[in-house]
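Produce the entire structure from the sequences given, and follow the hints as far as they go.
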Amino acid sequence: NAGVTQTPKFRILKIGQSMTLQCTQDMNHNYMYWYRQDPGMGLKLIYYSVGAGITDKGEVPNGYNVSRSTTEDFPLRLELAAPSQTSVYFCASSYTQGSIYGYTFGSGTRLTVV
Amino acid sequence: KQEVTQIPAALSVPEGENLVLNCSFTDSAIYNLQWFRQDPGKGLTSLLLIQSSQREQTSGRLNASLDKSSGRSTLYIAASQPGDSATYLCAVLYNQGGKLIFGQGTELSVKP
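So the sequence lines, in the order shown, correspond to chains A and B. This note's numbering puts the first sequence at residues 23 to 136. This note's numbering puts the second sequence at residues 25 to 136.
Take these hints with a grain of salt, some might be off.
[Stated by the list, open to error] Below, a sample of chain B positions facing chain A; criterion: calculated Cβ distance under 10 Å:
#1 Pro32
#2 Ala33
#3 Gly67
#4 Leu68
#5 Lys123
#6 Leu124
[What the hints assert, rightly or not] List time: in silico DSS-like cross-link candidates among lysine-lysine, alpha-carbon distance up to 25 Å:
#7 B/Lys66 / B/Lys135
#8 A/Lys31 / A/Lys66
#9 A/Lys79 / A/Lys66
#10 B/Lys123 / A/Lys79
#11 B/Lys123 / A/Lys66
#12 B/Lys66 / A/Lys31
#13 B/Lys92 / B/Lys25
#14 B/Lys25 / B/Lys135
#15 A/Lys79 / B/Lys25
#16 B/Lys135 / A/Lys66
#17 A/Lys79 / A/Lys31
#18 B/Lys92 / A/Lys66
#19 B/Lys92 / B/Lys123
#20 B/Lys123 / B/Lys66
#21 A/Lys36 / A/Lys66
#22 A/Lys66 / B/Lys66
Think of the hints as simulated: they come from the structure by calculation, not from any bench. Quantities reported herein were computed from a predicted structural model and do not represent experimental measurements. Think of the CB as a built atom: it goes at the ideal place given N, C-alpha and C, for glycine as much as any other residue.
The following block contains the structure:
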C-alpha cells in the first residue's frame with residue numbers, strides 16, 4: 023500500500039528554470055493538496071483539488087500551476103523558478119473534506135533554487 | 025483570519041517526564057483537528073484526529089483534547105522517551121473551504 027508518492031525527493035534548479043513535482047496516490051482519495059514548508063514554519067497551502075478536473079488556489083499560489091486530469095495524479099508545476107521557491111513541498115490527500123481518517127502526506131520534495 | 029498557533033516553539037525535557045503541547049485557533053467553526061509528527065527531513069505522520077463533536081482522542085501514550093469554545097487543543101505525552109523527539113504539528117480543518125491550516129509546530133527534544 024504505497025499511499026502518497028512524491029518524486030523527485032531532491033532537486034536543485036537554476037533561477038528561471040521550470041520543473042514539475044509529481045504526486046500520485048493509490049487510495050482513491052478525492053481531495054488532494056500541495057503544501058510548502060519553509061524552515062521553522064508550518065505548512066502553507068499552495069493549491070488543492072476536490073476531484074479530477076477541479077482545482078483551486080490556496081494561500082500562496084503565485085508562481086505555481088496545477089492540473090488534475092485523473093483521481094490519482096496531482097502534479098505541481100513551477101514556471102520561472104525563483105530563490106523564494108526554495109522550500110520543502112508536500113503533497114497530501116484525503117477522502118473528503120471531513121474524512122474521519124484525516125490527511126495522508128507524502129515524504130516531500132526538497133527544492134533548492136540557486 | 026483563520027490562524028493556528030502553537031506554543032512553545034521548542035521544548036526540551038528529561039526522559040520519563042509527562043508533557044503537554046499546546047495549540048490554539050482563532051475560529052471555533054472547525055470541522056476537525058489533527059496532530060502530526062514530523063521527524064527531521066521527513067514527511068508528516070498522523071498521530072491523532074479529533075472531530076469537532078469529540079472532546080479527546082487517545083493512542084497509546086498520546087492523548088489529544090479539544091475545547092472548541094476556548095479555541096484550544098492539547099497533546100499530552102505520557103512517560104516521554106528519546107524516540108519521541110520530533111516536531112509536532114497541529115492542523116485545523118475549518119468548515120469553509122476544506123483547507124487544513126497548520127500551526128508552526130513545537131520542536132520536542134527528550135534527553136536520555
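(message) Run the distance test for A/Lys31 versus A/Lys66: straight-line Cα separation, threshold 25 Å.
(response) holds (19 Å)
(message) Run the distance test for B/Lys135 versus A/Lys66: straight-line Cα separation, threshold 25 Å.
(response) This hinted pair is violated, its Cα atoms lying about 31 Å apart.
(request) Assess, step by step, whether the Cα of B/Lys123 is no farther than 25 Å from the Cα of A/Lys66, and give holds or violated. (result) holds (10 Å)
(message) Please verify whether B/Lys66 and B/Lys135 have alpha carbons no more than 25 Å apart.
(response) With a Cα-Cα distance of about 21 Å, the restraint between B/Lys66 and B/Lys135 holds, given a limit of 25 Å.
(message) Tell me if the straight-line CA distance from B/Lys123 to A/Lys79 falls inside 25 Å.
(response) holds (10 Å)
(message) Check the hint pairing A/Lys79 with B/Lys25 against an upper bound of 25 Å on the C-alpha distance.
(response) Holds, at about 17 Å.
(request) Measure nothing beyond the straight line between the CA atoms of B/Lys92 and B/Lys25; if it is 25 Å or shorter, mark the hint as holding. (result) Measuring from Cα to Cα gives roughly 17 Å; hence the hint holds.
(request) Assess, step by step, whether the Cα of A/Lys66 is no farther than 25 Å from the Cα of B/Lys66, and give holds or violated. (result) Distance of about 17 Å is within 25 Å: holds.
(message) Does the closest beta carbon of chain A sit nearer than 10 Å to the beta carbon of B/Leu68?
(response) holds (4 Å)
(request) Below or equal to 25 Å on CA atoms is what counts here, so check A/Lys79 against A/Lys31. (result) holds (24 Å)
(message) Given B/Gly67 as an interface hint, is its Cβ closer than 10 Å to any Cβ of chain A?
(response) Status holds, d = 4 Å.
(request) Mind checking the alpha carbons of B/Lys92 and A/Lys66 for me, to see if they're no more than 25 Å apart? (result) This hinted pair holds, its Cα atoms lying about 23 Å apart.
Checked against the numbered hints given earlier, this structure breaks hints 1, 14 and 16; the rest are met.
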